[in-house]
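Q: Residues per chain are reported as follows:
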Amino acid sequence: MSNSQIHTSILPSGATFLFESMPAYHTATIVIRIMGGVSSEAADQGGSSHLIEQCLDKGTAELDARQIADQFDTLGSQYSVIVGRESWTTIASCLPEHVVDTTRKVFDLLLGATFPANYVNVSKSLAVQALASMQDPPGSLLRRAMMQQAYGTPLGRHTLATPEALATHDNGSLREQWSSVMANPTIEIAAAGPVDQAHLTEVLNNALGGVPCSDKTITHTVNFAAGNTHIEKDIAQTHIGLSFLGVPQSNKYATAEDLCISILSGGMSARLFTEVREKLGLVYSVGASNERPRGAGMIHVTAATTPERCAQTYEVLLRELSRLKEDVTEAELSLAKTRAISGYATSGASVQSRACELLADYFHKKEALPIEAHIERIQAVTLSDIKTYLDSQDLSKVSIVTLGKEQPTLS
Amino acid sequence: MTPDNVNSNFIERVLPNGLKLCLEPAHHMPSAACGFLVQTGSRDETPDIEGVSHFLEHMCFKGTAKRDWVAVNRDFDLMGSRYNAFTSNEKTMYYGWVPKDALGDQTALLADMMRSSLPEDEFNTEKNVILEEIAMYEDNLGSCMFDLARKTLFENTPLALSVLGTKETISPLKHSAMQSYFDARYVPNNMIFVASGNFDPDQLIAIVEKETAHWKNTPTQARKKATPSIATGTSRQTLGKFTQQAIMLCFPAPAAKADDMRVRVLSDVLAGGNSRMYWDIIQTGLCMQAGAFHLDYSDTGVFVLYAICSPEKEAEVVAALRAQAKKIYDQPATEKELTRVCNHLKMSIAKAGDAPMKRLMQIADDVDVFGRGRSLQSMLDKVAAVKSADIATYLEEFPLRGDGTLIAVGPNAS
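These protein sequence lines map, in sequence, to chains A and B. Here the first sequence is numbered in the working numbering, starting from 1 and rising by one per residue. Here the second sequence is numbered in the working numbering, starting from 1 and rising by one per residue.
Some hints could be false.
[Said to hold, decoys possible] Covered by chain A, per the in silico footprint, the following chain B stretches (three or more residues, Cβ under 8 Å):
#1 92 to 100
#2 136 to 145
[Claimed, not checked] The calculated label-pair distances, taken between Cβ atoms and stated as ranges, are:
#3 B:V70 - A:N206: 51 to 61 Å
#4 A:E232 - B:Q237: 37 to 47 Å
#5 A:D196 - B:Q237: 48 to 58 Å
#6 B:Y329 - A:I10: 50 to 60 Å
#7 A:E164 - B:Q237: 46 to 56 Å
#8 A:E367 - B:Q237: 18 to 28 Å
#9 A:Q5 - B:E12: 51 to 61 Å
#10 B:K257 - A:E202: 18 to 28 Å
[To be verified] In silico PhoX-like cross-links for lysine-lysine, where the CA-CA straight-line distance does not exceed 20 Å:
#11 B:K151 - B:K100
#12 A:K337 - B:K100
#13 A:K365 - A:K216
#14 B:K241 - A:K405
#15 B:K358 - B:K100
#16 A:K216 - A:K366
#17 B:K313 - B:K241
#18 A:K366 - A:K325
#19 A:K279 - B:K127
#20 B:K382 - B:K346
#21 A:K233 - B:K241
#22 B:K382 - B:K257
Keep in mind that the hints were calculated from the coordinates and are not lab data. Every residue, glycine too, gets a C-beta built ideally from N, C-alpha and C.
Next comes chain B alone, as it looks inside the complex (with noise of 0.2 Å):
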């Protein structure tokens, strides 16, 4: 079987302190971009310390021994750097994209806010900012959606919890705890440090390794494994604040780490412009926004259809979706509809070609999920094999057939 990453300029070292290192150096373009990605996101927290990830997230940015927050803040501007962090379920990743001359004085600044000194009188200050943010999320209608999904689809596991935590868990949220927590989660062997653009491999390396020499490698708790409890029916909550119905039909799906491309071209097939969905649904005037998407994480996957509709048209709407499930069985993907698919990923993947941050954010995931870089080629040649039959044996395999599990967030109240 041949690696993902041959005919790449793949570079991966594991340094002794455990820090796997994944580079990919691209000369002809005038920036870098680069970053460390911590193994660590909600699904790692327990419930009384639910959102500790994302608000360490904050804090990070809030000072070391070396810099206070003023001075973290001021030396990425000073790099010309577009930078920034986020947290998601299963990761936390910080990263900024720079002119080519300063990606070392980024490394290290990275790698400095890597053993936060999480100063304690920033910590309510900053606990106010984590509180607006979750007030800002619960005005928007996407994210009230994937918080009911999350809750119903992964309820009593980890996958359950919210990346930003609520009002009750951070409100009281000590110190202490978010400490502790960093303490064994930020260690070596559970980081990536992650570059693309133009750069030169070894002087990188070398920074690398110089700047995270006193990092001590400690042993990570695993993580517990989280089942989804697809089922048939409805979740459903009544929001009157809202003038739009969201609705998700949930079906259960692959692990990300199954590296199935299948589901990708599934997903490809049903949403996006000049697919199925767009022309059936879309297009038809029924509502404006439908598609479709693979939900993943390192032990679980779920398939959703989704849409956001005026509430009179939700049966109509959830009626429409089914069909798009049902007709996916009844008229199986065309060599036709294969070939738009590869050919949009072609461009896509032409693209990140020559924008280090995009490419940067994907080669993060392949390391998080697989292990190890994927090139732009390998992906293309996988999806490039992906053929009808193959799609056909996933569904059997990951069935779309039967109602699913139903989402539904909005003014409606059945």
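Just chain A, with the same shape it has in the complex (with noise of 0.2 Å):
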């Protein structure tokens, strides 16, 4: 692992820039993130943030669709757009010769889409089939009911929303909505690769030289509901999903309960893993993970069985979650250690992890950490740390859904 540098500024527009140079790399990567997205939709918008994504590479004043398609496509660039909660994210990847013609027509876009009417009913019509789909891939019926569930309005809110909320959406309206967002926009920009940061900073300068950004931070509550829920689906397995409160990214026990899942799903030698699948063969999927908004965090759950095992599986769970309070031990604190550093020089080693690292680091402490900085923060962390983190931990306030043919007694 090289030791890197970022290099922080505020652009005289008021966004953020970020930028992390790495020079033996073959391609670029520009990451633009406006703040906004699902969580901050009026309760009579649902799904108009989702709209607003899927049409905006679809016209501007000067081209159409497939212009807009075939001039990314003549640069041999890779570019797609990200609604979430609480952002639309641009993500751009090509090679670097071409980083700054493509960072201008991303920009093109962000700030002159049309969004044309003939698109925009097709993107109504596509969401209303993503939503009737969704009832099918019994994982992510599973996601959507956790997510409504344990985080409240608005933070759980799908993005695709209702086919009655979709509706209520035409051009006039997605265009006005994006012309607000726009007008005084939060933006924060990430680009890594071997690229030449002033000039990329001089293209943003132009690209963004009218638009007044503001430095506004929005931080959205959770209202976790600890319920049990049980959608009925004919299926052959059960489904179950667990969540639990989380500790936000600026906790100073942040990287413990990162720490903490890693012991119990990071690697085939994890808890979760031994003890439900190894041990007993009673899944073939099970894991933890958690995700952090901005000022909160979730922990999640999952696993997957046959009904007549669902039981025994729920209470394995449970069993391996509150063991976790009595006994995690030095060696298995190493090992969480060692898999989350090995991170850096693997899958979080490529040019467009470390641009979306870099805007995730300023997105929660308004700070972007270089490598070597992620790396003394989880060697810093202590068996002391991970108890008092775990002491923390609530784990009676659980919020429950299951999916399946018949509800589970779950004791």
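Got two chains here, separate frames each, mind docking them using the hints?
A: The following block contains the structure:
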């Protein structure tokens, strides 16, 4: 792992620009995060953020949808927009020599999207189909229900909302909403790769010249519901989803929580895989994860098993969660640290991963950290930190969602 | 003719025991990936042991003469490895991705696993895991679609067998049957070691030689040929538990061994972002998923146009897929389309060059199918050389004309 250096600047427009030079690599990535997203939708605007995501590249005053797609293809640039709970994120990857042109073209869309009526209507129709198709893969149906119950409104909203809500939007309303977002946007930009920072800064300044950006941050509230919901569906397996409140990224025990998740579910020697699958053969898939909106944290544990094994699987899951409070060892902590640190040499070492992590750091803590600083934080966690973190966790407050033929009896 | 692997760092060896090695060092990376590919999969099974290759893949994590399953998993995790394995119709691959200094240890561990002791006391527990996996895929529309396609297109051939097997074949499977299969198939001359990323090739070769020196070369049985029974007609499975309808329209296509880049270019002209199907089918609102791909095996292939749609739109979507097949004759691929495909590939190649795991899988595929690695540049050159006339020639050799074989899975009864 090389000694990385992060450059953070506030551009004259007010947008934040984070940059990491990665001279040995063959591609460049630029990521642009515009705050807003699903949680910022008005109660009667469900699905609008998704439709904006789908239609941002479907027309500008100068270019139609196909011309837009063609111009990115001419450069060989890979480009996508993803709407999330708290933002729209545009990710563009390209060969280093095309990063300037790619960046300019992305901003042409962000600042000039016209949301043509025909594509808005197609996107509405496809969103309704996507909602219907979500009923098929059990994993996505379970996840949607888990999020709604654990987070409540607004963070638990699904991007696709409902067919009724989607029907209320048209190109005029989307244009109006996007204009309102872009009138004074909070924009955070990160770039990584073998490219010139000064040149890219100049391009961003030109692109954002007339846009007064804000540094406003919005923190949404988690309305956690410790409920127990079953979704009936005629499928072979029963799916179990448990959610617990976690800590925000800014919390001093955030890294301790990450390592606890790794002890539970970080590799095939982790506790859940070992106890639920390897020793008992109860499941094929089992795992724990955590996620962090701004100022909040949530832990999820999921497993899928055939109905006759469901009660036992649930018992073992709860037993393992409780046991975590009692007997984490130095060896387990060390293993979790090794896994986390090695991630910075493998999957976390790519240009795109680095650009995305710079933005994630800044989003939560207003500070983008080099890889070395992340590693130091991981190494600094002690068994005492793990114990303090786990002692603060209330495992009795659990949001449970199950999915399958019949509601399982879980005690 | 220029070999595919010039202008790259490939190092290819065959050890005295028959194990093939293909290494591609990339010294700018902080990591490296390696794996063993075993040239065995469901097509090498008999119907009574259907699913054994995949079950065996799980069992190889369950212990060796040196390690029990706890130690296998722990040792991977101690290296910080991103590791796993998969089984297909034709191959089984075990792999891991580690910080560069751990590659030697990971190689030794993977080699140890390839001589699994297949512990009998773990056999039934793991059988339950496999049965759960089978149940999981029963709830997946895409898997059900492929299942029906395989059975229909390759009826009475080894390719009709399921990778996972079925409850009926896995439940009664005996440990002794797995052991015999393992002894016959996991022999060095039927295996390939592949590595990509930052490592010293000489050191790595020495490690592989040491760890596999005791492996005995044994002749393997040749594969039975699979000829697809592609005819016109419809094969339908009505499954009321799904809300969507999955459709595949299948036509004969070349085997992977043909190294035919025309079919890859054709797929990309038809499917993906900014493709014909994207604009003609998805962006007209007809359905949210539609595409095309070449389903390729070592001795045969199928070209597939597919879609996932609302059940009430099935007929309309099938007509749209057939219209795409017709359109490629009426409006041949343009230079602009070919340039788009080439530019996309150029970017993918650059990304793979920075990602040892991605590159590992490409090299493993190439060595398995072609018997040699192919450099990223040679792949790009081949794609760039495909002209519209070449696609037209392909379409005469492997026509998309006619009705093709229609596979339909979902709630529709007709």
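Q: Indicate, hint by hint, whether the structure satisfies it.
A: For each hint, the structure was consulted:
no.: 1; hint: 92 to 100; verdict: holds (count 4)
no.: 2; hint: 136 to 145; verdict: holds (count 5)
no.: 3; hint: B:V70 - A:N206: 51 to 61 Å; verdict: 59 Å, holds
no.: 4; hint: A:E232 - B:Q237: 37 to 47 Å; verdict: 23 Å, violated
no.: 5; hint: A:D196 - B:Q237: 48 to 58 Å; verdict: 56 Å, holds
no.: 6; hint: B:Y329 - A:I10: 50 to 60 Å; verdict: 57 Å, holds
no.: 7; hint: A:E164 - B:Q237: 46 to 56 Å; verdict: 33 Å, violated
no.: 8; hint: A:E367 - B:Q237: 18 to 28 Å; verdict: 55 Å, violated
no.: 9; hint: A:Q5 - B:E12: 51 to 61 Å; verdict: 39 Å, violated
no.: 10; hint: B:K257 - A:E202: 18 to 28 Å; verdict: 51 Å, violated
no.: 11; hint: B:K151 - B:K100; verdict: 43 Å, violated
no.: 12; hint: A:K337 - B:K100; verdict: 17 Å, holds
no.: 13; hint: A:K365 - A:K216; verdict: 14 Å, holds
no.: 14; hint: B:K241 - A:K405; verdict: 11 Å, holds
no.: 15; hint: B:K358 - B:K100; verdict: 16 Å, holds
no.: 16; hint: A:K216 - A:K366; verdict: 12 Å, holds
no.: 17; hint: B:K313 - B:K241; verdict: 18 Å, holds
no.: 18; hint: A:K366 - A:K325; verdict: 32 Å, violated
no.: 19; hint: A:K279 - B:K127; verdict: 12 Å, holds
no.: 20; hint: B:K382 - B:K346; verdict: 12 Å, holds
no.: 21; hint: A:K233 - B:K241; verdict: 8 Å, holds
no.: 22; hint: B:K382 - B:K257; verdict: 15 Å, holds
Going through the hint list in order, the structure does not satisfy hints 4, 7, 8, 9, 10, 11, 18.
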